[in-house]
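Go by the hints and put chain X onto chain B.
Top to bottom, those sequences are chains B and X.
For the record, in the first sequence the residue sitting at position 23 is 60 according to the numbering used here, with numbers rising by one throughout.
For the record, in the second sequence the residue sitting at position 41 is 530 according to the numbering used here, with numbers rising by one throughout.
A few of these clues could be false.
[What the hints assert, rightly or not] Residues of chain X clear of chain B, computed beta-carbon distances all greater than 10 Å:
id, residue
1, Met490
2, Asp524
3, Ser556
4, Ile571
5, Glu577
[As the list claims (entries may be wrong)] Simulated DEER-style distance windows between Cβ atoms:
id, chain 1, residue 1, chain 2, residue 2, range
6, X, Glu577, B, Thr317, 40 to 46 Å
7, X, Val578, B, Gly167, 32 to 38 Å
8, X, Ala541, B, Asp158, 45 to 51 Å
9, B, Asp86, X, Val578, 40 to 46 Å
10, X, Val526, B, Glu313, 55 to 61 Å
11, B, Gly411, X, Val574, 31 to 37 Å
12, B, Gly411, X, Ser556, 15 to 21 Å
13, B, Met387, X, Val578, 41 to 47 Å
I should point out that these hints are in silico values taken from the structure, not numbers from a laboratory.
Note that CB positions come from ideal geometry on N, CA and C, so glycine has one too.
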Amino acid sequence: MNISLVLQMAADTFPDRVALTHKGVHFTYGQIHAAAMAAAARIVDSGTDYVSYLGESSPASVIALFGAAMAGRPFAPLNYRLTAPETNRLIERLAPVYLIADADKVPTVAGGAARVLLSGDDFLGLVAGGGPEEWDAPQDEEGVAVQLFTSGTTGEPKAALLRNQNLLGYVLGTVEFASAQEDEATLVSVPPYHIAGISAILSSIYAMRRIVQLPQFSPAEWLGQCSAQQVTNAFVVPTMLSRIIDHIDETGGHPDLGALRALAFGGGKMPLPVVERALTLFPHVAFANAYGLTETSSTIALLGPDDHREAHGHPDPLIARRLDSVGKPLPTVEVEIRDEDGKPLGPDQMGEVCVRGPQVSGEYQGRKLTDEDGWFPTRDAGFLDKDGFLFLAGRIDDVIVRGGENISPGEVEKILREHAAVQDVAVIGVPSVEWGETLAAAVVCKLGAAVSVDELKDLVRRKLRSSRVPEHVRFIDALPYNEMGKLLRRNVKAFFT
Amino acid sequence: MQIKAGTKLHSAVCDTDVMVIKGSGDVALTCGGRDMVTARSTAVGEPDAAFAGGTAMGKRYQNADGSVELLCIKPGKGTLAIDGVPLEVKAAKALPSSD
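Bound conformation, chain B alone:
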């Protein structure tokens, strides 16, 4: 099997249907398929081992992904926000590489580092005319289809490997072929180097749902594209949804989201107040909360639209709290919660989330993390309730050990966020002579609002208990997030040293 099957089936079935819209220009499934075959021929001729892409999402990123797959080379997209030295170190790791880069990035690539170096436009020009009429992609299920560099907190980025069978396992297990109606369009605002960007391309093309690319996210652009392209589906990371809601509130506008039917979010913890606000603001939209990791080829658990509406304001607290869960595992994925010794735990018991299934790779270059039975320890803490809903409690490595007691930052952050003056908050562990480690909270207040340190400490003491009360509280202007909305806890620690 080969992930290019997804495109080939779509192009065989409805070659003239629009697959992709970029800056108002349409590309059909037939055009993308022909261009990918032309790209594959050039990649094979170049004698390179990898295909890489350094740029924003564009038709070239989609064609490069499938061209690489047809040529049997891993597609290794790079984060265009890295510095030039960081980028060049990664390019060296891919040598000999066929590199397609945004025009302004081309001069930043070290001379001779890439065997082939083309701008996105030049690449499109080369392959748009077509090439071979047929192409036999290598049927190598063990072959690496996509290699993603994950942002390591220390040292050089690790290369996560996703094989054809992982990615195709995900798509075939979750999407029905050509199930989208011709008027459906999905707005893709995640970058091509992120797993959500890869899965968006594969899932949308297999469903035959038109992709509308938004290369640079801004709330105004996002809302504008929703209206102009009559977008029916979208995926956003939590910060994007927060910013969209803030933008609507600030401008007092009534955006045209009439076509929008489904909004999925993931890639990080969505604060409950944001979900609740979104449910009220967009009553006609079906919400889905997706939990997944790079190493699991995207989504492994899903809180669907019916679960959202049922839990929203439900009188039974055990059902209402599901709004804060990531739903149930996909039918093709098994989830088990394990303690520190690897022993499976029962309902409501907190431990490490472990997963197994065809889409789970759990593999880095030179290092496979799955056990002999195929289970991948995610390093995420969480529990399953008695009905199988999965609740997450942050990264295990972020757990604060205060006087021998394990404290998850999430439980304290959730309480602090309930205060009317609190806009955002991060709780971390800092060294303490007395406790080994103690809690520190970095708090961002809402514009014009204020709250005292004692008031916040009291709130935690009342709602939780004294061991959860942050010993240090510091007010700051903004928390450090990466471009995908992931909180950089190591940078928060710097506020307290």
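Relative to the frame of chain B, chain X by itself:
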């Protein structure tokens, strides 16, 4: 013939191509009444009239106990069968899109 997940098979009498999604071992798999083949050659003849219901692109076909599941990756005129028993179309799952 020997099959395993990922194996691509072709009909000998029509355009049908399938990929094995589930199943392994020795299976008497036919399309249009003739054994399927692993290497495509020019289709000759016509499907047996008793096995000419056709296959549909992107549909999944499975046997009664669900031990074998095939994905149609190219449609044709023949009917898929194991041991002479036609395979059935597996009902579509209704999972909300998450990407």
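Hints, one by one, checked against the model:
1. Met490: Per Cβ check, Met490 of chain X is outside 10 Å of chain B; nearest 16 Å; holds.
2. Asp524: holds (20 Å)
3. Ser556: holds (16 Å)
4. Ile571: Fine: 20 Å to the nearest Cβ keeps Ile571 of chain X off the interface.
5. Glu577: Holds: least Cβ distance 16 Å, greater than 10 Å.
6. X:Glu577 with B:Thr317: 40 to 46 Å: Once the Cβ atoms are compared, 44 Å apart, the range 40 to 46 Å for Thr317 of chain B and Glu577 of chain X holds.
7. X:Val578 with B:Gly167: 32 to 38 Å: Between Val578 of chain X and Gly167 of chain B, where Cβ atoms are some 35 Å apart, the hint holds.
8. X:Ala541 with B:Asp158: 45 to 51 Å: Holds - the Cβ-Cβ distance for Ala541 of chain X and Asp158 of chain B, about 50 Å, lies within 45 to 51 Å.
9. B:Asp86 with X:Val578: 40 to 46 Å: Distance hint for Asp86 of chain B, Val578 of chain X holds at roughly 41 Å.
10. X:Val526 with B:Glu313: 55 to 61 Å: holds (57 Å)
11. B:Gly411 with X:Val574: 31 to 37 Å: holds (32 Å)
12. B:Gly411 with X:Ser556: 15 to 21 Å: At roughly 20 Å between Cβ atoms, Ser556 of chain X and Gly411 of chain B fall inside 15 to 21 Å, so the hint holds.
13. B:Met387 with X:Val578: 41 to 47 Å: holds (43 Å)
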